[in-house]
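*Asks:* Take a look at the letters that make up each chain.
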Amino acid sequence: MSTDAIPAAHLRQTDVDKLGHGHGGSHRHTYATGHSGGGPASKRVVVGYGFWIFLLSDIIMFAAFFAAYAVLSRELAGGPGGRELFDLRSTAMQTGVLLASSFTCGMATLAVEQRNALWTQIALLVTGLLGAVFLVLEIREFASFVSRDAGPSRSAFLSSFFTLVGCHGVHVTAGLLWLGTMMAQFFAKGFRQNIGHRYLCFSLFWHTLDIIWVALFSLVYLVGSLP
Amino acid sequence: MSPEQLDLAPGDGPDAQHRVRSGVRTYLLGLALAVALTAASFWAAHTPFIYGPSVPIAITALAVAQMGIHLVFFLHITSAPDNTNNILALAFGFLIVCIVVLGSLWIMTHLAVNVHSMHDVLQMQR
Numbered sequence: 001m002s003t004d005a006i007p008a009a010h011l012r013q014t015d016v017d018k019l020g021h022g023h024g025g026s027h028r029h030t031y032a033t034g035h036s037g038g039g040p041a042s043k044r045v046v047v048g049y050g051f052w053i054f055l056l057s058d059i060i061m062f063a064a065f066f067a068a069y070a071v072l073s074r075e076l077a078g079g080p081g082g083r084e085l086f087d088l089r090s091t092a093m094q095t096g097v098l099l100a101s102s103f104t105c106g107m108a109t110l111a112v113e114q115r116n117a118l119w120t121q122i123a124l125l126v127t128g129l130l131g132a133v134f135l136v137l138e139i140r141e142f143a144s145f146v147s148r149d150a151g152p153s154r155s156a157f158l159s160s161f162f163t164l165v166g167c168h169g170v171h172v173t174a175g176l177l178w179l180g181t182m183m184a185q186f187f188a189k190g191f192r193q194n195i196g197h198r199y200l201c202f203s204l205f206w207h208t209l210d211i212i213w214v215a216l217f218s219l220v221y222l223v224g225s226l227p
Numbered sequence: 001m002s003p004e005q006l007d008l009a010p011g012d013g014p015d016a017q018h019r020v021r022s023g024v025r026t027y028l029l030g031l032a033l034a035v036a037l038t039a040a041s042f043w044a045a046h047t048p049f050i051y052g053p054s055v056p057i058a059i060t061a062l063a064v065a066q067m068g069i070h071l072v073f074f075l076h077i078t079s080a081p082d083n084t085n086n087i088l089a090l091a092f093g094f095l096i097v098c099i100v101v102l103g104s105l106w107i108m109t110h111l112a113v114n115v116h117s118m119h120d121v122l123q124m125q126r
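So the protein lines, in turn, are chains A and B.
Just so you know, the numbering used here puts 154 at position 154 of the first sequence, and the rest follows in order with no gaps.
Just so you know, the numbering used here puts 107 at position 107 of the second sequence, and the rest follows in order with no gaps.
With the rest of the complex left out, here is chain A:
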């Protein structure tokens, strides 16, 4: 562990759970929150809040793709619809894997708080493996659609489906790359403060991807395969 790592007591006080926490530079807790009492907010709060704003704008982008899908989901152009295409067993597996990876990401957050290098790496590795299984299942599904002449150019329904679900898949891929760099940074540099900030952003990103998947499996797959 590097010498410039912050002491555990300090890390414990850092409010991982409370983004945008307005207590600022002073250690005195004020309840006049949202008013930045006690000077400028700490860097951790600023970084986390800024990334939270980014995630919300990402969610709004997904909402636009969702709107396009909702409008076009009945435009089959004589091609196959969701009932013929969707394999709900694969969807259930994807859901379970991503949910489990969100949970292990939470375990990694606790391990980072404790500055426990071994458990941080283990939890992040499991998170990454579960994310990779999710991606494999999704790629298999897409490949089976294309092999059944149901690629993105088949109908407006399939174009919007591939755009929406594929965009989530691209996010998961980016998240996996990010996760790899986080593991490398924890390994090479230890639990430095700025790396803790990066990890905070990563964990928010990963949990948000699971929230978007909840909307996807419910509204695209489950509702789409109803009679």
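These are calculated hints, taken from the structure and not from any lab test.
Small disclaimer: the values here were computed from a predicted structure and weren't measured.
Warning: the hint list may mix true and false statements.
To be verified - So these bits of chain B aren't anywhere near chain A, every CB distance computed over 10 Å:
1) Phe49
2) Tyr51
3) Ser104
4) Val115
5) Asp120
6) Val121
7) Gln123
Unchecked claim - Label-pair distances were calculated between CB atoms; the ranges are:
8) A:Gln193 to B:Ala112: 51 to 61 Å
9) B:Gln125 to A:Gly96: 46 to 56 Å
10) B:Pro48 to A:Gln193: 51 to 61 Å
C-beta: ideal position from N, C-alpha, C; glycine also.
We have chain A already, so just place chain B on it with the hints.
*Replies:* Relative to the frame of chain A, chain B by itself:
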């Protein structure tokens, strides 16, 4: 990944142990609730016990509930006073999402009702 194994973190006092235990409990509770809601969604999609046309509404309600569970237990967004900024940003995002999705559906449904689709036009030209 049991709490006992995580508790073996070196250099930690009983205070930190308590933090880990309550943290693991929070994540486990969130996981259990999310799994229950997911299972309920899949059940609702297959069950004959729910009136057919209302199934999409049931699934949507379960999805919204599960997103709330994720926000509270995994992202730790709460309604506490120290979360005011986060929850306000979330509320604004939610507003925009609703406007984009419901507005698109509203406009395009009316468009579909009032304007003939290209398919109908081609049929009429025959």
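*Asks:* If a hint holds in the structure, say so; if it does not, say that too.
*Replies:* Status of the hints after comparison with the structure:
1. Phe49: With a cut-off of 10 Å, Phe49 of chain B remains clear of chain A, as the shortest Cβ separation is near 15 Å.
2. Tyr51: holds (12 Å)
3. Ser104: Ser104 of chain B is in fact no farther than 10 Å from some Cβ atom of chain A, at 4 Å.
4. Val115: Fine: 13 Å to the nearest Cβ keeps Val115 of chain B off the interface.
5. Asp120: holds (13 Å)
6. Val121: Since the minimum Cβ distance to chain A is about 15 Å, Val121 of chain B lies beyond 10 Å and the statement holds.
7. Gln123: Gln123 of chain B is indeed farther than 10 Å from all Cβ atoms of chain A, at 14 Å.
8. A:Gln193 to B:Ala112: 51 to 61 Å: 55 Å Cβ-Cβ, so the 51 to 61 Å window holds.
9. B:Gln125 to A:Gly96: 46 to 56 Å: holds (51 Å)
10. B:Pro48 to A:Gln193: 51 to 61 Å: Holds: the Cβ-Cβ distance is about 56 Å, inside 51 to 61 Å.
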